[in-house]
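Residue numbering for the sequence shown follows this note's numbering, starting at 1 and increasing by one per position.
Heads up, a few of these hints could be off.
What the hints assert, rightly or not - With a straight-line Cα cutoff of 16 Å, these simulated EDC-like cross-link-like pairs (lysine to aspartate or glutamate) come out: (1) 270 to 119; (2) 303 to 278; (3) 158 to 291.
Claimed, not checked - What follows is a list of derived Cβ distance ranges for each label pair: (4) 120 to 46: 10 to 20 Å; (5) 62 to 93: 20 to 30 Å; (6) 197 to 120: 14 to 24 Å; (7) 48 to 273: 18 to 28 Å.
Just so you know, these hints were derived from the structure itself, not from any lab.
Computed from a predicted model, the values in this text were never measured in an experiment.
Each residue gets a CB set at the ideal place from its N, CA and C atoms; glycine is no exception.
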Amino acid sequence: MKKFLFAIAAMALLASCSSKSNSNNDDPIDDPVLPADTIQCANNAQTIVTYDNTKLEVSTEVTKRNAVIEEYTGINCGYCPEGHKIVNDIMKEYPGQVFGINIHCGGYAANTYTTTEGDAYLRIATDLEGFPAGSINRHTFSGMYALNRGAFKSNSKKIIAMDAPVNLAATAEIEQATRTLTVKVKGFFTTVQELATNSLYVFVLQDNVIGPQGGASGNPEQVVEGGQYRHMHMLRTCITGTWGQEIVPIVGTSFDRTYTYVIPEKLGVKPIDAVLADLKVVVCIAEGQKEILQVIEPEMNLK
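Start from the sequences, fold in the hints, and give me the full structure.
Pasting the structure below:
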């Protein structure tokens, strides 16, 4: 009963926020401070969520979107390294604006480096015709969601030219002694949206994973001694759950989330070592399972 009454009170507070005008240079309206929550992650770990009105600064002006390329890949895909190289080159050309997530999934992955989250993301790419392919901000371009690698750059440029209806700021740090990852996120909604909820994703990626890869010569910069391959920005888990944590998008309001996650020694369907120094996070806010509205990659701080 107490939880029910609290939920009613929180809904009432949100309703009062949505009716308050912010057109006269009022301070941004903050999320109500709620009790800690728990998200059950796909790898049987848990994420503790707190709503702490963090002191992060986030712009209240309309800004441009950043782009994230979710590339579907696998170790037995001979042309996939060419896709990896294209994404790496785009990231170098547009630093801080374009980010890559390599999702090992499907038959070409041979269950190596796969994640339960990545398998779920592949299932929404219903127009996928072959590997490598990728979605850019989960946006549909001329009827296509899963794009050929040759379309990555041109469509990334289209995304970063678009206005973002929400701004994000974030910090990330790992306490090495306890393997505890803490990610603080602050957002601000600049534009009215049609959907009642958004989803906030905090992806954990890993660089410098040395292992097999067919067609490695298509990306010679990543070939290492012995013919092995250096895999970069590989998806390892999403600490806000496969489909993210729900956020109510009310124009003129801000929200704060702090996520605390103890990193297991190994991650993935066939677990590999989670090397703390090689981990990074990418934070996205999306319209549920589709259309990513904004994305950032905070610098990882190791303590």
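If any of the earlier hints don't hold here, list their numbers in rising order. Violated hints: none at all, because every hint is consistent with the structure.
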